[in-house]
Every structure is written in C-alpha cells, then in structure tokens.
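Engineer: Sequence:
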Amino acid sequence: MRLGDNFFIRDVLDVAPELLGKILVIKKDDSIIQFPITEVEAYRGEADRACHASKGRTARTEIMYHQGGVIYVYLIYGMYWMLNFVTGVANQPQAALIRGIEGFDGPGKLTKQLSINKSFYGENLCHSQRIWLEDSKSVKDFIATPRIGIDYAGEPWISKPWRFSTT
DNA sequence: GGCACGATGTGA
DNA sequence: CACATCGTGCCG
0 MRLGDNFFIR DVLDVAPELL GKILVIKKDD SIIQFPITEV EAYRGEADRA
50 CHASKGRTAR TEIMYHQGGV IYVYLIYGMY WMLNFVTGVA NQPQAALIRG
100 IEGFDGPGKL TKQLSINKSF YGENLCHSQR IWLEDSKSVK DFIATPRIGI
150 DYAGEPWISK PWRFSTT
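Heads up, the first sequence is in numbering that gives the first Met the number 0, so the first residue is 0 and it goes up one at a time.
Any given hint might turn out to be false.
[As the list claims (entries may be wrong)] Here are the simulated EDC-like pairs of lysine to aspartate or glutamate, each with C-alpha atoms no more than 20 Å apart in a straight line:
1) Lys136 - Glu17
2) Lys136 - Glu101
3) Lys117 - Glu61
4) Lys111 - Asp28
5) Lys139 - Asp10
6) Lys139 - Glu101
7) Lys159 - Asp10
8) Lys111 - Glu61
9) Lys136 - Asp4
10) Lys139 - Glu17
11) Lys54 - Asp134
12) Lys159 - Glu45
13) Lys26 - Glu133
14) Lys136 - Asp150
15) Lys117 - Asp28
16) Lys139 - Glu45
17) Lys26 - Glu101
18) Lys27 - Asp140
19) Lys27 - Glu133
20) Lys26 - Glu154
21) Lys26 - Asp134
22) Lys159 - Glu17
23) Lys136 - Asp13
24) Lys27 - Asp150
25) Lys111 - Glu101
26) Lys108 - Asp4
27) Lys54 - Asp150
28) Lys159 - Asp13
Hints were generated in silico from the structure; no laboratory data involved.
Keep in mind it's a predicted model, so treat the numbers as computed, not measured.
Working from the sequences, and respecting the hints, build out all of it.
Structural biologist: Listed below in structure tokens is the structure:
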C-alpha cells in the first residue's frame, strides 16, 4: 500500500528512521522497479546549520517549505543528484536524504541507477505515477550515527546522530 | 586498504 | 568559491 500524506507530515526525526525498509518504487522504461531503503539522513529546519534551509527561503530550498510528501532534489559537485523526501508541516523546512537502497549504497549512485534528476523536483510521492513509497514492516535493527560530509555545519549539528542505517 | 585528487554545474 | 559525492590512481 502506498504511503500517504500522514506518513510524511511528521517531524523528520520520526519519519527518517521509519523510512528504513520502506519500498522505493520507480517507473522506468515502462517497467516498475522496487528497492528497500537502507540508509537515510535527517535535515531539520532553519536552525540546523547542515540543512540547506539554514540559509532561508531560496529558489532551491523553496520546496522544503512545502508540507511533507514532496521530493527535493539538487545537483551536487556538478554531477550527482541528491534525492530527498520533504517532511513535516508547511513552513517548517525539513527533508530526509536517501543515502542508500538495497544494492546501491551512496546517494549519488542510487539516483544515477534510478535516473532521478531535476525533473523530480517537487514531485508528489502520494500522487505521482512514476515514483512512490510502499509500506512495509518497520525495521527495528538500525543504527543512528552522525551525518556525512557536513563538517562545515559546526557543533552541535556535526555530532547529531541523524544518519540512520539498517544493520 | 587508505589517501589525494579531479570532474563539473550551480547557488549565494 | 564552496558544495549532503564518487571513481581513479598511486602507494608499497
């Protein structure tokens, strides 16, 4: 069963760990492929210096101010698309970065595999015909560790255990 | 294995 | 000019 608004419109720290094990479904070349999510990171509000919304509302971060259930994608290092799911209520910018799916560890690798690009910016996970999430039993065995590649954010953000991975 | 480095485009 | 990354080449 497809996950609906009520799943995403909650605090990212509640949603992110629950994303583990959920099935990412993508329609690609007329076929449907599915991958369980294995690793995610939480980015939480303007106060979180690691969150892109810490710089306020811009063309890029605008979608994070939408209520949960839409996609935030952006290009990093000129070549990799990062896939995020917006969470929380409107005007409370949050997102969960998808860092790994079964068989493809790495946020840049999985988007390349799934052909995810800028055209997915703003896509609604609850209504889209080409990307959505299917429910599954919650994963109980996961670990929470610090987020990757955000040294610039400084403390306390650098140490928050907001990266969730299956074991 | 681990470390250095470069690719490559965009937002502030 | 930094950036929520990744592959390659080198070391020994």
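Engineer: So if I understand the rule, the pair passes when the alpha-carbon distance is 20 Å or less; does Lys108 with Asp4 pass?
Structural biologist: Violated, at about 27 Å.
Engineer: Tell me if the straight-line CA distance from Lys111 to Asp28 falls inside 20 Å.
Structural biologist: 14 Å, holds
Engineer: Under the criterion that the straight-line Cα-Cα distance not exceed 20 Å, is the pair Lys159, Asp13 satisfied?
Structural biologist: 14 Å, holds
Engineer: Does Asp28 sit within 20 Å of Lys117, going by the straight-line distance between their CA atoms?
Structural biologist: 18 Å, holds
Engineer: Can the restraint linking Lys136 and Asp150 be considered satisfied, given a maximum Cα separation of 20 Å?
Structural biologist: Violated - the C-alpha atoms of Asp150 and Lys136 are around 34 Å apart, more than 20 Å.
Engineer: Are the Cα positions of Lys54 and Asp134 separated by 20 Å at most?
Structural biologist: 33 Å, violated
Engineer: Given the hinted pair Lys136 and Glu17, is their alpha-carbon gap at most 20 Å?
Structural biologist: Within the cut-off at roughly 9 Å; holds.
Engineer: Check whether the Cα positions of Lys136 and Glu101 lie no farther apart than 20 Å.
Structural biologist: Answer holds: Lys136 to Glu101 is near 16 Å, not above 20 Å.
Engineer: For a C-alpha distance cap of 20 Å, please report whether Lys54 and Asp150 respect it.
Structural biologist: Distance ~16 Å between Lys54 and Asp150 Cα, so the pair holds.
Engineer: Is the straight-line distance between the alpha-carbon of Lys27 and that of Asp150 20 Å or less?
Structural biologist: Since the Cα atoms of Lys27 and Asp150 sit roughly 35 Å apart, the hinted pair is violated (cutoff 20 Å).
Engineer: Given the proposed pairing of Lys111 with Glu101, does the C-alpha separation stay at or below 20 Å?
Structural biologist: 14 Å, holds
Engineer: Please verify whether Lys117 and Glu61 have alpha carbons no more than 20 Å apart.
Structural biologist: Between Lys117 and Glu61 the Cα gap is close to 14 Å, so the pair holds against 20 Å.
Checked against the numbered hints listed earlier, the structure breaks hints 8, 11, 14, 16, 18, 20, 24 and 26; every other hint is satisfied.
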